[in-house]
Amino acid sequence: MEGIKQRCAEIMAKVFKIETSQVNDETSPDSITQWDSLSHVQMLSELEKSFSVKINPEEGINLETFKMICDWVEDNVKEG
Amino acid sequence: MGYPNLDKVVNHISTKSLFQKKAVKNILDNADSKYLAFAEEIIIRLNTAIGRGESHDYIATAYLDYTKMIRLEEMYFMKEGKYRLDNFNDAYEEIYSQDGHMHDYVVGLGLTQIFWPNHYEIVRFYLDTFLPRVKDSGIGAEVGVGHGIFHCELLRSAQKIRTTLIDISPVSLDMTKKMIAATNIDENRTSVKISDIQKEIPLKDQSLDVLLLGELIEHLQEGELVLSALAKKMKKSGYCFFTTATNAPAEDHILLFRSLNEIRGFINRCGWQINDEHVGTIKRMSLEDAEKGGHTINYASIISIK
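If you're matching them up, the sequences are chains A and B in order.
Residue numbers for the first sequence follow the numbering used here, so the first one is 1 and each next one is one higher.
Residue numbers for the second sequence follow the numbering used here, so the first one is 1001 and each next one is one higher.
In isolation and in its complexed conformation, chain B is listed as follows:
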């Protein structure tokens, strides 16, 4: 069994970028069949969701544009020691309100779940550790749906769950709905709300069995208010999948965590407790070296309300 769609995207990437050719080769050289099958499936779904016929070149280009953006932001971060943006209005004007850019952005970000080892490890933590805890039925929500990959897997795993998708970007919401359809899941199981979560949380108190907050909080100016408010939306028995990162510059990152303890303290202050964690550093450096050197640590946790 081959992985023709993965191969096509990898070939396009390798032709266009020496650095990404190398990075992708690295991950493929260490890949097991579980990874390859997952990667192939994600690309097939993205192709379907994009809806422009064969889109391997576009998918590869979107990924390369995303990685280029990250490199540029890293250069700024290295010099200035802070993220470029410090307010949500600028992020909205520059990124979330630009539909064409957002489409490229969510596709590129989706590919990082395959081609960035730390992101793929978080996917595995999600699939292997978080989802088994989620009840088959009940009520769920995701805030900041992005590419829709995590939401699709929730709906696949908890087959009777009904969910709400919340995002400020209509493009993200549309992509997620299309990814759900591409995963052969009944779209009627989800409802859609366009919302700036810092102004309005369109969820009932104590209603949620599951909440997904994947790489949301670092995009917010009022992160602490939001995470505190979202605690009120959870049932006592509910679980939240929460991911963020330290020292992770991106064009729309605002809230900067510099250490794991900062993240943990933040979660606790907002009324949550940490049940399980996964952390990953770049190039497997030690956590100490990562924090001292201001390098990215990717963080994922399963949290519940106190």
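So here's chain A without its partners, still in its complex pose:
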């Protein structure tokens, strides 16, 4: 899980132009100014590329915290 968390944090840092140190389980659009609905779509796209996974759009738009994102990745991605 730590590997997944690190990769997700790096993706969020890249998309939202923040430091990975700003990312924790409670991180959400409330705590990150740059995390809005448009950048959320961009983040989902980056997650798909990075983890070679397809995110169901209806699920993806509801992933509103860092923890939810990491949990989704852990449940849906088989790490090699």
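Any given hint could turn out to be false.
[Said to hold, decoys possible] If you want the footprint, here are the derived chain B segments under chain A, 3+ residues with CB under 8 angstroms:
| no. | stretch |
| --- | --- |
| 1 | 1008 to 1020 |
| 2 | 1076 to 1087 |
[What the hints assert, rightly or not] For each label pair, taking beta carbons as the anchor points, the in silico distance ranges come out as:
| no. | chain 1 | residue 1 | chain 2 | residue 2 | range |
| --- | --- | --- | --- | --- | --- |
| 3 | B | Lys1283 | A | Met68 | 44 to 50 angstroms |
| 4 | A | Ser21 | B | Asn1026 | 24 to 30 angstroms |
| 5 | A | Lys78 | B | Leu1260 | 43 to 49 angstroms |
| 6 | B | Lys1283 | A | Asn76 | 27 to 33 angstroms |
| 7 | A | Glu59 | B | Leu1225 | 37 to 43 angstroms |
| 8 | B | Glu1277 | A | Gln34 | 26 to 32 angstroms |
Worth flagging that the hints you see were computed from the coordinates, not collected in a lab.
No residue lacks a Cβ here, since even glycine has one placed at the ideal position from N, Cα and C.
Chain A is already provided as a structure; the job is to place chain B on it using the hints.
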């Protein structure tokens, strides 16, 4: 003076969606009294037009459903580089013929005129730049009436004008009539025509002093034919308010413009000239960045026939 109806809708939105709570807070933090008064009035009118008593929760939910739809379509667009639909029949089957969905749709779309900065800027361009050019009397029409907000303002501004509302959706036509009534305007000043504008334009040639085509063209499979045909319905002295957008995925968008020059070329090919324009990008990015990145540019213009 407070804005209790706006506050109620904002509270409902903020409770249900983190993203929209943030977006709405952003616009309110920068709002002037003109915006607040306008937003309050629109919500009061929508409440009246919906006719179910206090409907702030429903209005907020319709707006959130609309924004969710846009996000889903954006995800498709980002991957595929095109709009999901490529023909009007599918749009009709999925959306325009579904009365319940259409009601939610037009209410949600109406709220974007308040809560999306680019849409509100187009409203202001319409109110402050277009409407002063419209004669007080004469003949007007709107094709694709949607929520009715623009039509109400036309009738308020040009107090002797008589108009025709044209739409393929009876729900849109009904909502617009109800919004007109909610604006305390005599409904007898308008007549209603249900029509697929791609098959029939129920207007006389050279009859129009004013024509409203707000976010119509991107919904059509035969957009070029329609805009060319509508040119014939205008008086030489008449004005048309035309809006569209580049790279703007939505569940019923078909005609994709990828650049401003594509839009301008389209208008010119259809026999119109551009008198004035307003453009707006998401997050105030440059036009170059918007076009390179495939992001939405909202476009409004005042056009007349060549």
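> Of the hints stated earlier, which fail here?
Replying inline: 3
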